[in-house]
Amino acid sequence: MGLLGWVTLLPLFGAALILLVPQEEESIHRGLGLLTAIVTFVVSLLMLSGFDAGQAGFQLEVNRSWIAPLGIRFHLGVDGISLWLVMLTTFLIPVTLLSPQAIGIRNIRVREFTAAMLILETGMIGAFLALDLFVFYVFWELMLIPMYFIIGIWGGERRFYAAIKFVIYTLVGSLLMLVAILYLYAQFHAATGGYSFDYAQLSHLSLPASAQMYCFFAFALAFAIKVPIFPLHTWLPDAHVEAPTGGSVILAGVMLKFGTYGLLRFALPLFPLAAAQAAPLIAILAVIGIVYGALMAFVQDDAKKLVAYSSVSHLGFVVLGILTLNPTGIQGAVYQMLAHGISTGGLFLGVGLLYDRRHSRKLSDFGGLWAKTPVFAACLLVIVLASVGLPGLCGFVGEFLVLIGTFTAQKLWGPAGLTGYFPAPKLMGGIAATSVIISAMYLLGMYQRLMFGPLDKPENRAVRDIHGAETWVFGIMVTAAIVMGLAPQPILNRSEKSVEAFVASYRDRLQEAKRNPDVPPHIYPPLPAAAAEGGGTP
Amino acid sequence: MSFDATQLFAYAPMLILIGMGCLILLAETFAQGASRAGLAWLGIAGCVGALIAIVAGWAGAAEPTTHFQGMLVVDRMALFLDGTFVAAALLTLLFAPPYLREQGFEFGEFYAMVLFATAGMVMVIHATHLVSLLIGIETMSLAAYVLTGCWRRSLRSAEGAIKYFLMGAFATGFLVYGMAMVYGTTGGELSYAGIASKVPQATKSPLFYLGEYFILVALGFKVAAVPFHMWAPDAYEGAPTPVTGFMAAGVKAAAFGAIVRLLGSAFASPLLVFDFTGWASVLAVLAAATMTLGNLAAIRQDNVKRLLAYSSISHAGYLLIGVVASGLGVASAKPAVLFYLASYTFTTLGAFGVVAWIGNRSDERLYVDDWAGVGTARPAVALAMTLFLLSLGGVPPTGGFFGKFYLFRAAMESPQLHWLVVVAVVNSMVSVYYYLRVVVSMYFRDSTRALAPTEGATMRLGLLLTAIAVVLLGIFPGTVVEWAGSIALK
Amino acid sequence: MTFNLRLIPLLPFLGAAILMLFGRKWKRDTVLIVAAGAIAGSCLVAFDAFFTALPRAAAGGGLHDVVGTWIAAGSLKVDLAFRMDALSGLLCLIITFIGFLIHLYSSGYMEHDPDYPRFFAYLNLFCGSMLVLVLGDSLPVMFIGWEGVGLCSYLLIGFWYTSNANADAGKKAFITNRIGDLGFLIGMFLLYQYTGSLNIPEITAAAQGGGALMQPLWGATVAFWAALFLFVGATGKSAQLPLYVWLPDAMAGPTPVSALIHAATMVTAGVYMVARMHAVYLLTPGAMAIVAIVGALTALFAAIIGFAQNDFKKVLAYSTISQLGFMFAGVGTGNFDAGVFHLFTHAFFKAGLFLCAGSVMHAMGGSGDITIMGGLRKKVPWTHGVFFVCWLAICGVPFFSGFFSKDSIIGGAFGTEIFDAAINPLAGEHLAWVGKAVGVVLMLAALGTAFYMSRLYFLVFSGSETRASDEIKHHIHESPGAMVGPLVVLAIGAALGGFIGLPGGLLDHPEWNLLADRLRPVLGPEMEISRAMEIGFMVGSVVLALGGIGLAYLFYGGGYREPARKFAAAAPRFVQLVRDKFRIDELYGFLIIRPVKAIAKGIFFVVDRILIDGFLVGGLAWVVDLVGSIARWLQGGDVQRYMAVFAIGVAAIAYLATQPMHTFFSNALKVTVNGLTVDVDAHRGSIAANRVLDYSFDFDDDGKPEVTGVASGAHHVYPQPGTYTVRVKVKDPSWGTSSTLTQKVEVR
Amino acid sequence: MPTTYYLVLSFVLFLIGTAGVLLRRNALIALMGIELQLNGGNLAMLAFSRELGDLKGHVFAFIIIALAAAEAAVGLAILVALFRGRQTVNLDEATLMKR
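As they're listed, the protein sequences go chains A, B, C and D. So for the first sequence, the numbering used here puts the first residue at 1; every next one is plus one. So for the second sequence, the numbering used here puts the first residue at 1; every next one is plus one. So for the third sequence, the numbering used here puts the first residue at 1; every next one is plus one. So for the fourth sequence, the numbering used here puts the first residue at 1; every next one is plus one.
Hint data in this document are derived by calculation from the structure and do not stem from the laboratory. Note that beta-carbon positions come from the ideal geometry of N, C-alpha and C, so glycine has one too. Hints may be right or wrong, so weigh each one.
Stated by the list, open to error - SDA-like, lysine to any residue: derived pairs with alpha carbons at most 25 Å apart:
(1) B:K198 to D:V8
(2) C:K670 to C:V745
(3) C:K25 to A:K362
(4) A:K362 to C:A165
What the hints assert, rightly or not - Far from chain B, some chain C residues (derived; all Cβ distances over 10 Å):
(5) L10
(6) S197
(7) W218
(8) N310
(9) P572
(10) S629
(11) Y724
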């Protein structure tokens, strides 16, 4: 099945195993779940060690026939971009499962929860690794279901509403994306006579300008909802707030990245011309999102909602970084995705822990907890500061690179004859950078209202500091935040080649498309000889 | 003009079904009390026999062969759908006995009627002649009317039956009148091939178009296409639940088979497909209307049975896309329709199976709110129902998803249908909303009253089979796609 | 040359990490040993490094230590590297040495605090960050320290977290700093964009080359904007107008923190940064003028506020702001070494003053209210002595350290040639007034400094009786040795520190100005001022200092005197306004913070709740629901209504199907334009062969068809070019139905 | 007589039948309307058959008659069931299920 196949499917097998254990054996469920997640992480480490940083293309590929009549292949592969997102996934899942608060305060049906988390993991890893658009779509939808249940069963008071809203929003985009995938498939057939959903082949298909626009819209909508880009973000606060801690962590830590990953992997490379035309709009929306999310976070009293809105702001950086279309900005975007996974994941774990202890998320219900929970307070402080983007912690590197990339966006594109493609980079960068102020305002404000001030609420006196597994959870997250802030290079090194190749190929395809905007679907650049075969029959 | 009895062997499935149906009727007179359960097993045996016959005939059906002066044909498409019908009948026979026993109307005739209806469906799908089509449709429909109304204790059953019957007969009136028109304008042709050969001259008379559309309208009625759908919610709600599943799956599939065959042969001429009298544009509009209306009406339903009825209407809309695509020359559209029908059959039977399972004599538990807590009380059944609902909504990894994918894929090959695919996709999205309402109730709400479902080993077996089928069709659809695809090779 | 420079910040960092992880369970002595040991080790390494560096620095080199690549992405490469030259070396010494003293002092001051280990962990963390700031070889590394010290400041201001006021003060400091940091970042990005590097030596080289940074941008040059944005960063960190508001509040922290962070080291980071980036500033006299003017105005403004403050530490805080203004005025007038010189002397005397404040407050039971002090001269003799020395130093009494440094700044302001268009080709004519104006303002500020510092001294120490309650009076005592020792060392520094920056030019021995001499390779030659001018300013500033002291004595000598009371009575509202710090905080609250919060709240409800969730999402749901309701209403239960719908459906299909040319699928008209000739074909598929249709072609849409007949195509020649509408009517005689197709054609 | 006359008559029959089904409340009469529709179809079939000189139409008509009989049988049975439940065969009262 190949290493990647194992990474992808192991959690699913684990979930099946867990579902076979009787309902009552909760500790077995937890143990098995954690074990599966850790084994998956170990296998993903093997993947990491087998990864060759010097190569730009996909590695460790698994490519087997799946639904032969339609030319659908179970094709997985990893490059420098997906590598780290998979690592993030396999890292966060065991940490989340380790956390006693993951399941939230509705501490019921541990078996199903654990299984749902593992199925979710399979969906996420599969979607990151998929190189066949059908496979991608299947995994993309596969993660929807467990998350829906996680929100709906173990969520807060308005969980039905939040779960449905989450599903409907996501489906709005993804189903239109499905149409665009099918359109690509049909056009690929028209251009080559072969049938294929294979990314490597479809990414050579150059569509006429108008068709690109429609398809890009479909793809970008799906991803923009997932990111979420303003104004498609309103599902996110609801989903995050109602989801149990584990759900929020994974939702924010990993699932939001599918939006940005999708833009980077699919929406831009497949439709370069349309992407270039839409880039100003999306970049402006990203900047609006950065400031808007931060401002919204600023006025929240609900800690989870605050963190949720902060995600809107942080993910705006990722989108902005991707749209700079230079290696610096995209590297920054990739890094920001990972850093956000750690920092926001940590924040949700922290808020979840407090919610578990106090059954309240309202900041006004807390205060002065430092005296009671010094270790937790210290850990949370590091995570908060990582989220604020303090240099030396993980949040800084990504934002810094994105902003650098934004400032230099035009410099790189001007010589390629593409000026005006990224509007007013300094202004955009400047506005985006204001979030360093606002993020400090809301996050430190939150921290202060939790930890500082007099311990004047009687309920807070009984709050216990972290202990046991919780210490491990927060220790791991804090370590990750610090290590990623001090030593980003091991990560950046491995994604470097892929990002550079992405930029080069994007620029090449964009220039080709600009030369021939109205030529019917054709193949550019020519397919390598080996890839041309292997398509199915109708 | 001689009758060759050996031709009958090609129709073994149909004959087995009819024969077993008669046997059951006979045995019924001797059966007492509990031994009635044996009658269901007779029916199941009949179905299994028919399935074996279908499998046995599969290899030989690679090339279509016509029999009885072009009245009937045996080909892969027919056998594929035969398999679907018989599977539907088999599952119905698994679901029905515990349900009938619980509701107190376990009669042998019920099982016989299921077999007869199935035989009618088989006839419909094999028909290549208007006469055999009519006979098949009527055999199927009459049995279905009876099945709908056979729950004597229930007022709803009788009301559903009368509505179904009246509208069905009304549609038959159009069908017969349409056949007469086609017969006349084609110069006395009743076989599909004959009609096709006379189309150029027949189209000189407007009456031919009238006839064509009357026939299509009657078939559209059977698949519950808007605006001929209005019987469906009431009939589906009134009918005993296993029958509802059978109707939603089998009757619909048979009518679609007939439509595909009819439009693919008798009315396949480009003269009829395209342009101002072309059925492609008319059916495209019907498809859009059908799925949209079905879905939007389903959103506010609180009765699960009715909700599924509206959902079944919307699925007819999706299927019509495939029919139109096939008419517009997309080779893979027909296999896509077949696959969709197969996956839809299993899904919908399973869903109605769960609806049949959940109630008992005094408490039918038909409302969404009644399903609260099923997820906790009976996780396995809830999981199965979730699978069915997701499949209906077209979410992977289920057969319903792949069916939709396959269908839309085919439609996307025809540029004129892109808009329709977008409409369909938006509709799927809406549909997920109301399917999930049931899931919400099952998993997210706490039970209000104790669950006392209709238990039965056959029912459990049926649910297991359908659930497995739905998942397998979603994850490994390749084989079935190949079966369905083999019809396109000719 | 490489040197293990990394050790200098690493030791305090290690100390901090160890204390954070294990300190909670340790005894106080152990904690102190680790903390003070770490900083002492760092200090020793720094001294070693400094004296190793000096000879090389004289030749323009220095020590360099590359730990590794920190961030490399695309064209950007940032090394985690440290560099020590005379400038950063000097700062290192100040930080580690004064840092060490303050560690010692704190061991006494914080003796009874339960969070003793945490305090020292923060202090160590701060020292490490500050060292990274000054040693950083590139702007991002510098930024690590820059933000790190901000963080420590935040933590230490809010050290006594149970009071919301303290926590608020910490947050305010951090956020205000962040506003500055935004400027720093943007300045950094601009520099990167135009020089392609973030490495300070490379930027300096690029700036000295000129070209890249002299490109026009937004009506000025890149250098101007980069320098200006960097200066915004400096105003945040160094508490200059308009971002100074956090520093007075920061006094909420423990006093040693105020001494170390908010007087001696962190707040001078902005000055250091401007000096470090002097090459960029020298390219843009405009930006330098802004720096100088802001510095001077801050110096004066803060001094005025200092007149009326009644909190010991608040007075010192405004004094710090004011002194930082002096430094900026120094660097802003191109007198970089004077700015750094003042930084150096200020570090000693201001740290000394703050520690005295701590000692006094320690004695007074924690209160810093100077209105209840007085006559402490005898009661805390050591503290008084140190304060006395430092007071003279800050007032600029001759031969104390402040005298030399302040004098060189004021003299430099008058003598600067940076803004003289005749000498500096980069300066515009309109800047000529800047140097003089800054000088005048600074002289006023110096006068003010002498006044408010003397006021403080007299109110606290002079007189015979203490105005406090008996209970407090009873407790007044001199601080323990651990606190007094560092005080004395600082006093020595405050007294003698000025001699490292003797006005060498004046004495004909330029090399006597040790500081300027060492800094020359880094900051360029020191400013040359005519001897007459120099002497003039010296005399002038002595007069100012003594005048300020004398005036203060008139008002406050030995306690509140008649003139002070009279003045307060004469202009009560003015005094109140000054005491309320000109209500700048309230102004900010009213103008910025509250509107932002209100707008954010408003947007949240209007956009998120009403517009998106309510209108967009809810509206869609409403439409869906409406259609569903209609469908359900049709389904009324009456089977005959169902059949009627059925029949209507049949009729509708018949209607649709019998429209000639009716189609959903394609444009029916095929139009070929060839000059003025147009061919229109309404022929569709194979239909016309089977059905006889009547076509009428109206090429100019005037109601009169030009061509009619059963042929589906027609040909027309237009009389003149233009845009026409072609209208084709198709009639099916056997059904009697018809339909119309139109299309626009453009003929040329 | 020309075939057209028969066709017109058949169509009229069909329309009358349709109207009967749509308008009469009594289920029995609606059933009769359906028979009329079928007979309209039959008449058209026979007219064509006669015009074309083709016997298939005749045969088809017989089959339709048989089907009509079967339909009537089933329909009446259902009517009986309905009547037994609610003591009426008025269609507008059978509205238990709606929406």
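Evaluation of the provided hints:
no.	hint	in the structure
1	B:K198 to D:V8	holds (24 Å)
2	C:K670 to C:V745	holds (11 Å)
3	C:K25 to A:K362	violated (33 Å)
4	A:K362 to C:A165	holds (21 Å)
5	L10	holds (53 Å)
6	S197	holds (50 Å)
7	W218	holds (46 Å)
8	N310	holds (62 Å)
9	P572	holds (68 Å)
10	S629	violated (7 Å)
11	Y724	holds (25 Å)
Violated hints for the displayed structure, listed by number in ascending order: 3 and 10.
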